[in-house]
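Visitor: Next come the chains, spelled out residue by residue.
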Amino acid sequence: MKKIALLVCLAWIAIAAPLAQSPPRRIVSLVPAMTEMVFAIGAGDRVIAVSSYDEDPPAVRKLPRVGALLDPDVERIIAMRADLVLLYGSQTDLITQLQRASIPYYEYRHAGLAGVTATIRALGQRVGHVKQAEAVATDIDRRFADLRARSASLKKPRTLLVFSRERGSLRNVYASGGRGFLHDMLEAAGGVNVFGDVTAESVVASSELILSRSPEVILELRATDIPAEPERAAEMSTWSTLASLPAVRNHRLYFLPGRAFVVPGPHVAEGAEAMMRLLHPGK
Amino acid sequence: MNVRRRLAVVVPVFGAITALVLLIAPTLGSTRISLTNVFDTSIPWADNVDAQIFFVARVPRVLAGALVGAALAAAGVVLQALLRNPLATPFTLGVSASAALGAMLAIAFDLDMTVMGAAAVPAASFAGSLVGTAMVYLLATRANKALSTNVLLLAGVTLNTFFSALITFVQYLIDFADWYRTARWLLGNLDVSSFNPILASIPLIGVSFLLFALLPRALNLLTLGEDVAAARGVDIGRAQRIAFLSASFATGAAISLAGPIGFIGVVVPHLVRLLVGSDHRVVLPASILFGAAFLVMCDLIARTVMSPIELPVGIVTAMIGGPVFIWLLLRKS
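Those protein sequences? They're chains V and B, same order as listed. With my numbering applied, the first sequence corresponds to residues 1 to 283, in that order. With my numbering applied, the second sequence corresponds to residues 1 to 333, in that order.
Everything hinted at is true.
Stretch by stretch, here's where chain V covers chain B in the computed footprint (C-beta under 8 Å, at least three residues):
#, region
1, 28-39
2, 163-177
3, 182-190
4, 297-309
No lab work stands behind these hints, which were simulated from the structure alone. Owing to the predicted nature of the structure, the values given are computational and were not obtained by experimental measurement. Glycine is no exception: its CB is placed at the ideal position from the N, C-alpha and C atoms.
Just chain V, with the same shape it has in the complex:
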C-alpha cells in the first residue's frame, strides 16, 4: 500500500512539477511597455514574439508579430508553444482561450507612473529575474526621487503637455489631463499641468480652453524624432495665433521626442529628466 502511495506521489510530482511556476522560457508580449521591461531586466533573450506596435529595443524588430490589443493572433501564440503571454487585462477573450489551452499569462494594468516600477518588480518575480528587476525599479524610483527633490524649491511653470494635434494647425489638440504617467512625469519634473484638474488621461483642448488656462510652457511630445528645421519653425509658429499665452510670448515652446512619452516602460525616468531640462534649464 505504501509503495503504491509513493508511486502515486512520484507520478504526481513528475506531472505537476513542470506545470508549477518554473521560469518561463518562451515569452510572447502583446504590451510594448512590458516588452521593454522584460528586456531591461535581462530576460529579453526569452521573448519569442511581440505585438504589432513593438519597436524597442531594436532586437524586437526581427521577432514575429502576433497582433495587438484588438487583434491578437491566438492560433500563432498557441502554435509557438508560448509558456508566458504578457497581455492587457481587458483582453478577456484571449484570456479565456489561453486558459483553455493551459498557457500561463500575465495581465498588464495601466496605473500611472507608480504602476511602472510595480509592474517591473512583479515581472521580475514572474520570470525569475528578481534581482535585476529590483535594480531597474530602484534606479527609476531613485531618479524620480532625485527629480522631485531638485524641483521642490523651484517655481513650477504652468505647462501644457500636448501629445497630438493636426499638423499645421491648432485643431484636435490632445493634451494630458490629470491622470496617467505623462501627468505624473510632468509633476515630478517640476511642472504644473494646466489640465491637472481634469480627471482623465487626455483632454481635447480647444483654443478657448488653452487661452483660458494660459500655459507658461508648451511641451509637444513626439514619439519619433523632432522635425527638421524649416518644418519645426513652421509648426512652432502655428502657436503664435494664441498670442496672449505666456509660453508664446516668452518663446517657451518645445518639441520633446522619445518613446518614453508613448510607452510607460523602463525609460520613464529619462523622459522626466528631459522634461526637467526644458522646464528648468541649468537646474
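Fit chain B to the supplied structure of chain V, relying on the hints for placement.
Guide: Here is chain B on its own, set in the frame of chain V:
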C-alpha cells in the same frame, strides 16, 4: 398667401433668429469673459486674453458652425427633392465617405502641406469629396446622357459602403495614436482656431449657394415626378445635374471644414417644412438660415455642457436630431 409674401415674412423672421444666435453664441463659453475688455482697444492685443478668446477661439468657431450648418441643411433639402426621398441626407451619395477617406489618408500618411492656406487634412478631405462626386456623377450619367436618379442613388450608396470599407481598412493599418485621431475627426469638430479654414471654404460654399439659387422652381416640379416637370418645361437633365453637383460641392466643403457632422441635413429641412410648408422657394432660404442657427446652438451646448471637457458636436446634433426626427416620423404616420 403667395410666395413673395411668404418669403417676406419667413426670411426676416428666420434671419432675425439666426442673427440673434450668431450674436449671442460668441459671448458664451466655458470661460467667463468681459465684453468691455474684448472691445477695449487700449489693451494691447497680446495682453488681452478676453479679446483673444472672443476673436481667436469663439468667432471663427461660430462662423464655421453657421457655414457648415447652412451648407449641410441646404444640401439636404436639394438631395431630398432630387431623389424624391425624405430620408436622403448630404451623406447618402458617397461624397461624405470619400471626403472622410481623404482625411483618413492625410492623417495616416502624416501629410504636411498647406493648400491655399488650408491645412493638409481639410485639403485632402475636399479633394476626396471631389473624387467621390466625380465617380458617382460619371456612373449615373454613363448609361444615357440624362442623369438617372435611380442609378445615382444606387451608385452613391454603393460607393458610400465601398469608401467606408476603405476607411476601416486604413484605420486597421495605422497605429493606435493615429487611429484615435481619425476616430475623433469622424465625430466632427468646429474648433477651427483661425479664420484661414473659413476663408478657404467661403468661396466653395458660396459657389454652391449661387447654384442653389437656380434650383427652387425645378425642385418643386421634380418632387411631383420627372414627367410632370418635363411637361412644365423644366430641363430635367440640367436641373438634376446642377442639384447633384451643387449639393455635393457644398457637402464636401462643409465636411472638409468640420468633419462629417450628422443629422443637420435631415432634421433641419424637415423641421423647416413643418414650419413654412413645402415650397422650395421658401424652404431653401429658410433651411439655410435655420441650419446655421441650429448648428451654432448645438456647438454652444457641446462646448459648455460638460466644461472643461468638450463634447464632439456630432454627438449633440445626433442626440437632439435623433429624437426630433423620430417624433417627426411618428407625427407624420
